[in-house]
Amino acid sequence: MTALELRRVSKDYGEGPAEVHALRDIDLSVEAGALVAVMGPSGSGKSTLLTIAGSLEDPTSGEVLIGGTALSGMSRNDKARLRRRSIGYVFQDFNLLAGLTAAENVALPLELDGIAARKARVTSMATLEELGLADRASRFPDELSGGERQRVAIARAVVGERRLLLTDEPTGALDSANGEAVMRLVRAACKRGVAGVVVTHDAQLASWADRVVFLRDGRVADQTSPPPGPESLLASGPRQAPGTGQ
Amino acid sequence: MSVRHALLALLSEGPKYGLQLREEFEARTGEVWPLNVGQVYTTLQRLERDGLVESDDAGEDGPQKGFRITADGAQELAGWLRTPPDLSSPPRDELVIKVLVAMRLPGVDVHEVVQVHRKYLVELMQEWTRLKEDEADYDLPLALAVDAELFRLDSVIRWLDSADGRLRRAAGDPPGRAASPVPMPMPRLRRKAGVRR
Chain A
1 MTALELRRVS
11 KDYGEGPAEV
21 HALRDIDLSV
31 EAGALVAVMG
41 PSGSGKSTLL
51 TIAGSLEDPT
61 SGEVLIGGTA
71 LSGMSRNDKA
81 RLRRRSIGYV
91 FQDFNLLAGL
101 TAAENVALPL
111 ELDGIAARKA
121 RVTSMATLEE
131 LGLADRASRF
141 PDELSGGERQ
151 RVAIARAVVG
161 ERRLLLTDEP
171 TGALDSANGE
181 AVMRLVRAAC
191 KRGVAGVVVT
201 HDAQLASWAD
211 RVVFLRDGRV
221 ADQTSPPPGP
231 ESLLASGPRQ
241 APGTGQ
Chain B
247 MSVRHALLAL
257 LSEGPKYGLQ
267 LREEFEARTG
277 EVWPLNVGQV
287 YTTLQRLERD
297 GLVESDDAGE
307 DGPQKGFRIT
317 ADGAQELAGW
327 LRTPPDLSSP
337 PRDELVIKVL
347 VAMRLPGVDV
357 HEVVQVHRKY
367 LVELMQEWTR
377 LKEDEADYDL
387 PLALAVDAEL
397 FRLDSVIRWL
407 DSADGRLRRA
417 AGDPPGRAAS
427 PVPMPMPRLR
437 RKAGVRR
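Residue numbers (my numbering), protein chains in the order written: chain A, 1 to 246; chain B, 247 to 443.
Where hints are given, some of them may not hold.
[What the hints assert, rightly or not] Derived CB-CB ranges, DEER-like: (1) B:E381 <-> A:D58: 42 to 48 Å; (2) B:D332 <-> A:L100: 53 to 59 Å; (3) B:W326 <-> A:A177: 26 to 32 Å; (4) B:G312 <-> A:R139: 52 to 58 Å; (5) B:L327 <-> A:A177: 23 to 29 Å.
Just so you know, the hints here were simulated from the structure itself, not pulled from any lab data.
Cβ atoms here follow ideal geometry from the backbone N, Cα and C, with glycine treated the same way.
Work out the full structure: start from the sequences and follow the hints.
Rendered as structure tokens:
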């Protein structure tokens, strides 16, 4: 199933000579269970792409579909409900609420959506357990390391029925070991059926994705082919680069 | 990696047979650097000739011949461990040359050339990362070797990204248009590349 689809999405800011084309004719689809990385330099439009995919902003033209439903026909309330129920966001800052434990932070979006506190708490614990964070459930954010906080933020983003995980430089503030732990968790969430989009300028982070889309000046400039699997590395050494013949 | 020193390292743990050395060499390096059988035996012969290992005199050359490290061999190994690899002089990097050539050729969009290589490198990193994801929990040497590859490839991509940006700025182009060729005397760059050995 296509969890997220962008059809010829463009976004302009400003008018006249000050007009900026942040995104131009973006086509992108992300299947359930897949992780797609969007790579590009600053100003390439990748964060705009993420906010539009997450319905936080409307495109100037084009269509965004989440779980097959077009956002353009939805009321503000419907969109807000969709955001609460179906989409999880993770940014570079962990954005956990300091006065709540890890489990309460993860349960919060469910409670905001009207689910009874007790049931929300059970679902929260189940998610923390699935992601290997059960032993951190009763800790407050300031009792967790940076890596643990970001992993809790990911648990919060995928708790319940959330089927779309949108992340913007999720490992930006972490060292490489914690960054890897976070990406393993994102992969684990995708294996449960979540569709993931990670926006980054970092190739190590992008290399966790099934597919890497290169954004340049608001356009999709290129994308990687599906990986052939690790066997190819061990069989005959790394592949020959295109055009590197001696 | 130097096969010679890898074999000395394995023998510093105790006497071993040729076949055993080959198997352990592969296991230690996470099978990232496959080795052919002949290489092990010819290297052992040379080590013996140089007095760095000793063999059972009676045994014939081959998988069953036993070897042990000598005092000279142990000293050689200790020295090698602490000798920094030669990173002091810039390597003749083929990719750098390609980009330098691309920016001078009329009709060639250097950014397109950069992207071809960036994409290839990211695909390669995806393969290594997948290998790490699948195996590295169980195989520490493999995880270390894969990390080294990932950091190396990442550094090349960073250079490409920085070159891409620098070329755009140098050309003073608005984003999205190809940089016009900038004259760049490559031979001078070569001459300036210092050699400090």
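Do the hints match the structure? See the list:
Between B:E381 and A:D58 the beta carbons are some 44 Å apart, a value that agrees with the proposed interval 42 to 48 Å. Between B:D332 and A:L100 the beta carbons are some 54 Å apart, a value that agrees with the proposed interval 53 to 59 Å. For B:W326 and A:A177, the Cβ-Cβ distance of about 29 Å falls inside the hinted range of 26 to 32 Å, so the restraint holds. As the Cβ distance of B:G312 to A:R139 is approximately 56 Å, the hint placing it in 52 to 58 Å holds.
Restraint check, B:L327 to A:A177: a C-beta distance of roughly 25 Å satisfies the suggested window 23 to 29 Å.
Comparing the model with each earlier hint shows no violations; every hint is respected.
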